[in-house]
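Student: Residue numbers (this note's numbering), protein chains in the order written: chain H, 1 to 308; chain G, 1 to 308.
Accuracy of the hints is not assured; some may be wrong.
[What the hints assert, rightly or not] With a straight-line Cα cutoff of 25 angstroms, these simulated SDA-like cross-link-like pairs (lysine to any residue) come out:
#  : chain 1 : residue 1 : chain 2 : residue 2
1  : H       : K155      : G       : A105
2  : H       : K155      : G       : A106
3  : G       : K155      : H       : E38
4  : H       : K155      : G       : G107
5  : H       : K155      : G       : L104
6  : G       : K155      : H       : E116
7  : H       : K155      : G       : A108
8  : G       : K155      : H       : G107
9  : G       : K155      : H       : A120
10 : H       : K155      : H       : D83
11 : H       : K155      : G       : A120
12 : H       : K155      : G       : E116
13 : G       : K155      : H       : L104
14 : G       : K155      : G       : G145
15 : G       : K155      : H       : A105
16 : H       : K155      : H       : P235
17 : H       : K155      : H       : A230
18 : G       : K233      : G       : N60
For the record, the hints were derived by calculation from the structure and aren't laboratory data. Quick caveat, the model's predicted, so the values are computed rather than measured.
There are 2 protein chains.
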Amino acid sequence: MIAVLAGGVGGARLLAGLVQVVPPAEVLAVVNTGDDTELHGLHVSPDLDTVTYTLAGVSNPATGWGIAGESWSVMAALERFTDQTWFRLGDRDLATHLYRSGRLAAGAPLSQVTAEITAAFGIESRLLPMSDDPVRTRVELAAGGEVEFQEYFVKLAHAVAVRSVRFAGAEASRPAPGVLAGLAEAELVVIAPSNPVVSVAPILAVPGIGQLLAARRDSVVAVSPIVAGAALKGPADRLLRELGHESSVVGVAEVLAGVAGTLVIDEADAGLADGVERAGVHAVVADTVMRSDELAAALARRLLAVAR
Amino acid sequence: MIAVLAGGVGGARLLAGLVQVVPPAEVLAVVNTGDDTELHGLHVSPDLDTVTYTLAGVSNPATGWGIAGESWSVMAALERFTDQTWFRLGDRDLATHLYRSGRLAAGAPLSQVTAEITAAFGIESRLLPMSDDPVRTRVELAAGGEVEFQEYFVKLAHAVAVRSVRFAGAEASRPAPGVLAGLAEAELVVIAPSNPVVSVAPILAVPGIGQLLAARRDSVVAVSPIVAGAALKGPADRLLRELGHESSVVGVAEVLAGVAGTLVIDEADAGLADGVERAGVHAVVADTVMRSDELAAALARRLLAVAR
Chain H
1 MIAVLAGGVG
11 GARLLAGLVQ
21 VVPPAEVLAV
31 VNTGDDTELH
41 GLHVSPDLDT
51 VTYTLAGVSN
61 PATGWGIAGE
71 SWSVMAALER
81 FTDQTWFRLG
91 DRDLATHLYR
101 SGRLAAGAPL
111 SQVTAEITAA
121 FGIESRLLPM
131 SDDPVRTRVE
141 LAAGGEVEFQ
151 EYFVKLAHAV
161 AVRSVRFAGA
171 EASRPAPGVL
181 AGLAEAELVV
191 IAPSNPVVSV
201 APILAVPGIG
211 QLLAARRDSV
221 VAVSPIVAGA
231 ALKGPADRLL
241 RELGHESSVV
251 GVAEVLAGVA
261 GTLVIDEADA
271 GLADGVERAG
281 VHAVVADTVM
291 RSDELAAALA
301 RRLLAVAR
Chain G
1 MIAVLAGGVG
11 GARLLAGLVQ
21 VVPPAEVLAV
31 VNTGDDTELH
41 GLHVSPDLDT
51 VTYTLAGVSN
61 PATGWGIAGE
71 SWSVMAALER
81 FTDQTWFRLG
91 DRDLATHLYR
101 SGRLAAGAPL
111 SQVTAEITAA
121 FGIESRLLPM
131 SDDPVRTRVE
141 LAAGGEVEFQ
151 EYFVKLAHAV
161 AVRSVRFAGA
171 EASRPAPGVL
181 AGLAEAELVV
191 IAPSNPVVSV
201 APILAVPGIG
211 QLLAARRDSV
221 VAVSPIVAGA
231 ALKGPADRLL
241 RELGHESSVV
251 GVAEVLAGVA
261 GTLVIDEADA
271 GLADGVERAG
281 VHAVVADTVM
291 RSDELAAALA
301 RRLLAVAR
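Produce the complete structure using the sequences and hints provided.
Tutor: Next up, the structure:
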């Protein structure tokens with residue numbers, strides 16, 4: 001079995017590559033829920049949904065979130081009542097949130113509901129939230145004030161400086177059932193090219209997960225989400241800088257050194273391999289930019305080769 | 001000011017007639033929330049919405065619920081996950097539920113949220129839920145077992161025998177702010193032709209409301225929802241029988257005698273006027289079947305004439 005720590009788009013694309021080269025049922029994704037949020041009374045799990053929609057083949061590649069060919073009847077009607085519509089909820093996407101929220105209200109844990117949703121989409125891989133307990137990424141802005149992650153990420157379009165990030169509830173949280181066993185049994189654990197400080201870090205902050213990976217770091221391979229100093233998507237580059245790291249593969253290596261023995265860096269960063277090694281992480285150079293399913297599959301093959 | 005105790009369709013139609021003959025701002029509707037329900041994590045208030053959509057001119061006259069010209073994208077997508085889709089939620093209707101649920105989750109009372117929703121629809125009349133506290137109509141089936149009202153009404157299509165009805169939470173509930181003052185100050189209180197045992201009774205069960213009306217019953221006028229022994233819509237006739245009343249204007253008079261001094265009965269029931277009077281209720285004969293807005297306005301004019 002291959003286990004993948006995944007945030008949103010980077011995790012979803014890597015998983016889409018992986019299921020082309022290993023049987024999907026042998027893939028486990030442990031997904032960040034630190035950016036889950038409550039909107040209009042509904043429980044929204046953005047990263048779980050991005051992974052789900054991508055593996056189901058219904059994701060919207062243009063946006064990196066939501067469902068392709070989505071309709072917007074509900075949002076249009078909601079604008080009658082409120083201008084709090086910065087988090088766009090498509091009609092079909094809303095059905096997922098309604099089902100999840102109803103099941104959670106009925107007492108089902110998020111991991112169970114996630115299994116039901118992925119089964120409904122015909123997904124053979126196993127998706128687990130990092131925890132069934134609420135962990136919420138909170139962002140302290142440099143200008144003052146703390147906001148929930150989606151307010152920073154979507155409403156403020158991550159265009160503001162950040163002073164610190166914390167994962168509220170993480171200390172008291174427990175890994176979802178199956179997470180520790182899956183991560184322990186996997187022949188390879190991959191840390192997807194997701195934002196190390198706001199997508200991977202919350203997963204590692206759930207007690208037990210970071211420790212387990214640290215103990216087997218020689219068979220944990222991370223893929224850098226930073227290529228040539230910049231994030232392919234999202235604010236990973238500026239967040240790394242704002243939180244005191246270098247926005248480079250060396251900075252990523254330093255952040256993940258405790259849990260990953262190997263970092264796959266892009267060919268554009270081949271010259272920084274020595275810096276990664278100096279951070280105590282083995283550097284592997286590959287084409288990491290998954291511009292197509294074929295390239296994602298090629299990257300997945302490379303990861304398997306590194307592990308074996 | 002004219003106050004109206006309203007359930008769903010009968011209340012909505014009467015209100016639509018009333019606002020044609022008195023300034024809408026001088027109309028207060030106190031609306032049943034005993035059939036409110038939680039669906040997919042959302043708070044749904046069927047009677048408040050039926051009244052709102054009717055007064056806003058967007059209701060679906062064919063169904064008696066929901067919005068005309070509605071689309072069903074979310075429900076179609078929800079069917080991927082569950083067959084619990086017997087309560088149909090249209091896309092535009094869902095926007096109302098989302099807004100309400102989000103505001104309630106943020107701590108706003110239902111009366112405040114209702115004011116916001118009706119303002120967004122440009123409604124000048126005041127709509128108040130009977131209570132901001134949860135009161136839930138529960139239906140004990142003759143075959144055994146107790147179900148929530150919507151399960152009886154929608155899922156079972158009210159095609160099953162009922163042993164008893166109770167209003168869970170009513171004893172501890174308080175009238176919503178403005179309800180008692182509005183009912184006390186109104187020159188006329190109308191009890192709409194709504195189901196007396198499951199639409200009007202829960203309103204009267206909120207402590208203080210029934211007592212207030214009893215004290216001023218001479219200026220409380222009810223309109224019979226039973227015409228020629230049958231309900232115009234819904235299960236009022238069979239519910240009256242199953243709960244030990246006569247399914248006639250006389251049965252309605254007996255149920256409402258404590259709070260209404262006058263009952264308006266349809267011309268079809270003119271022969272039963274004596275029976276109504278024997279129940280201690282003054283009988284007025286009128287054309288009560290609101291087949292058009294014009295007939296609803298005519299009925300409203302007649303109610304005002306009765307009161308003055």
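Student: Would the hint linking H:K155 and G:E116 be met if the CA-CA limit is 25 angstroms?
Tutor: 23 angstroms, holds
Student: G:K155 and H:E38 were given as a pair; does the straight-line alpha-carbon distance stay at or below 25 angstroms?
Tutor: 29 angstroms, violated
Student: Assess, step by step, whether the Cα of H:K155 is no farther than 25 angstroms from the Cα of G:L104, and give holds or violated.
Tutor: This hinted pair holds, its Cα atoms lying about 22 angstroms apart.
Student: Between H:K155 and G:A106, is the straight-line Cα distance small enough, at 25 angstroms or below?
Tutor: 19 angstroms, holds
Student: What's the verdict on G:K233 and G:N60, does the C-alpha distance respect the 25 angstroms limit or exceed it?
Tutor: 15 angstroms, holds
Student: Is G:K155 close enough to H:E116, meaning Cα to Cα at most 25 angstroms?
Tutor: 23 angstroms, holds
Student: H:K155 and H:D83 were given as a pair; does the straight-line alpha-carbon distance stay at or below 25 angstroms?
Tutor: The hint holds at about 12 angstroms.
Student: Hint check: H:K155 vs G:A108, CA-CA at most 25 angstroms. Holds or violated?
Tutor: The hint holds at about 23 angstroms.
Student: Take the C-alpha atoms of G:K155 and H:A120, compute the straight-line distance between them, and say whether it is at most 25 angstroms.
Tutor: Cα-Cα ~23 angstroms, so holds.
Student: Would the pair G:K155 and H:L104 pass a check requiring their Cα atoms to be no farther apart than 25 angstroms?
Tutor: 22 angstroms, holds
Student: Within a Cα-Cα threshold of 25 angstroms, do G:K155 and H:G107 meet the stated pairing?
Tutor: Holds, at about 22 angstroms.
Student: Quick one, are H:K155 and G:A120 close enough, alpha carbons at most 25 angstroms?
Tutor: 23 angstroms, holds
Comparing the model with each numbered hint stated earlier shows that hint 3 is the single one that does not hold.
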